[in-house]
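The primary structure of each chain is shown beneath.
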Amino acid sequence: MATSQAIRRVIDQQRHRVYTLAYYTLGSHADAEDATQETLVRFWRSADRIEPNRVEGWLVRTTTNVCIDLIRKRSRSRESFGTESSEQSLNAARSETPEPAAHAAANESRQQVDQELGALDEPFRSLLILREIQGLAYSQIADALEMPLTQVRVYLHRGRRMLAARLTPTLEPGRTKTESETKDAQTEAYAHDA
Amino acid sequence: MTPEPTPPAGCDAYDGVIDLVIDGDIDGDARAQFEAHRKTCSHCARVYEELARAKQALASLPMLECPDGVVAAVDAERRVARRTTTTSTTRYAAITLAVAAALVIALMPQEEAPQPTPTEAEQIADVRAALSELRSALADNNTASAALKLRRGLVEPLEKTVSAVGDTKLGEWSATASAMLNAVASTSSSKSG
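Protein sequences appear in the order of chains C and V.
Note that the first sequence covers residues 1 to 194 in the working numbering.
Note that the second sequence covers residues 1001 to 1193 in the working numbering.
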């Protein structure tokens, strides 16, 4: 049986990861705070039923589901994603501060990536966040999202190409559009699987 | 530079390998084979560079800090939930106890109350008859008659029961019921005029 202290310890350890996933998925600090709060409250309620070695995966899965529910409720369009200033958002990061000029350039680059990441559809966006920002292994992602490993690889590979196409507009723009046409079915299918 | 809509023949085999190379999940001969191909294929070289750049760009996005206010909000929500659960539990326990107490009193009055005297037994029979008459009066929608039957058939016998059994539980119940019925009878009388 999970004690209050043990649960609180997990929350302290995992809240930044949960928040990071929520922010990059939703593109808004306010939404990310709501999603993080909902996720952690659910964790409090369910902690007794979660095996200790499955906590991280449970948190990833729940955060993703909460974010998808929030997206559906608020009917976020691609254009409305990431309405907050990315610069302001990224200032919340724990990072060293290089020289001003380099810092400004790096920030601008991060803003663009943040924006383009936000424009991707689920599950590509979440999978890229988990893999590339949070550094989870393919198997960890598959376990957390209860998705076959091969499916994780396929989605990640495609998500990476979509993002690359957005960051490099000259790369096969027609292909990106084709993948966008199937986004709703893929997002719905993913949501049901999750 | 004009993008190539489809990869050149022979590049299909490397499409999946590129990601494995970028992720560092492949080495040895397989990696060497791809590297050799990349040097001679502009398409695969470009795809590799752009995917590697995308990966690097994502890795530059930092982990964020969750505001302390979020955890405080979680704690607050938990406190409210705990209070609600405690209140519900207390209420449930109180109702259960009240029902149990009522059952005990209902099932065991003869242990506490004295055996009804023939006078009380007759009064109970009178009450039953009065209730039957009252039911008929109400069915006929005869309020005045109902009020009279209420007082004579129920209130007065109950008052007598109170005086007979005194301070017992049955007496207390009878007193309470008598007061309630008296109030109802008075209201009905005043309404019927």
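Source of the hints: derived by calculation from the structure; they are not laboratory data.
From the three backbone atoms N, C-alpha and C, an ideal C-beta is built for every residue, glycine too.
Treat each hint with caution, since some may be false.
[Stated by the list, open to error] Some chain V residues flagged as far from chain C (calculated, every beta-carbon gap over 12 Å): (1) E1035; (2) C1041; (3) A1054.
[Claimed, not checked] If you want the ones that stay clear, here's a sample from chain C, every Cβ over 12 Å from chain V, calculated: (4) R17; (5) Y19; (6) R45; (7) E56; (8) G57; (9) R61; (10) R72; (11) D143; (12) P148; (13) R153; (14) R160.
[Unchecked claim] Quick list of the computed label-pair ranges, beta carbon to beta carbon: (15) V/G1024 with C/S109: 42 to 48 Å; (16) C/S4 with V/R1031: 37 to 43 Å; (17) V/A1013 with C/R74: 42 to 48 Å; (18) V/K1039 with C/R45: 52 to 58 Å; (19) C/T3 with V/E1049: 50 to 56 Å; (20) V/A1059 with C/D48: 35 to 41 Å; (21) C/E146 with V/R1078: 25 to 31 Å; (22) V/G1069 with C/V154: 27 to 33 Å; (23) V/R1053 with C/V154: 32 to 38 Å; (24) V/Q1056 with C/D12: 36 to 42 Å.
Hint by hint, here is what the structure shows:
1. E1035: Correct as stated: the minimum Cβ-Cβ distance to chain C is 19 Å, above 12 Å.
2. C1041: Its Cβ never comes within 12 Å of chain C, the nearest being 15 Å, so this holds.
3. A1054: Answer for V/A1054: violated, closest chain C Cβ roughly 4 Å.
4. R17: About 7 Å separates C/R17 from the closest Cβ of chain V, which leaves it inside 12 Å; violated.
5. Y19: violated (4 Å)
6. R45: Not fine: 8 Å to the nearest Cβ puts C/R45 too close to chain V.
7. E56: holds (14 Å)
8. G57: holds (18 Å)
9. R61: holds (18 Å)
10. R72: holds (22 Å)
11. D143: holds (17 Å)
12. P148: holds (16 Å)
13. R153: violated (7 Å)
14. R160: C/R160 not clear of chain V: closest Cβ-Cβ about 5 Å, inside 12 Å.
15. V/G1024 with C/S109: 42 to 48 Å: Roughly 23 Å apart at Cβ, these two residues miss the hinted range, so it is violated.
16. C/S4 with V/R1031: 37 to 43 Å: violated (50 Å)
17. V/A1013 with C/R74: 42 to 48 Å: Holds, at about 43 Å.
18. V/K1039 with C/R45: 52 to 58 Å: Because 56 Å falls inside the window, the suggested range holds.
19. C/T3 with V/E1049: 50 to 56 Å: holds (51 Å)
20. V/A1059 with C/D48: 35 to 41 Å: holds (36 Å)
21. C/E146 with V/R1078: 25 to 31 Å: The hint (25 to 31 Å, Cβ to Cβ) holds, given that C/E146 and V/R1078 are roughly 27 Å apart.
22. V/G1069 with C/V154: 27 to 33 Å: violated (39 Å)
23. V/R1053 with C/V154: 32 to 38 Å: The hint (32 to 38 Å, Cβ to Cβ) is violated, given that V/R1053 and C/V154 are roughly 21 Å apart.
24. V/Q1056 with C/D12: 36 to 42 Å: violated (31 Å)
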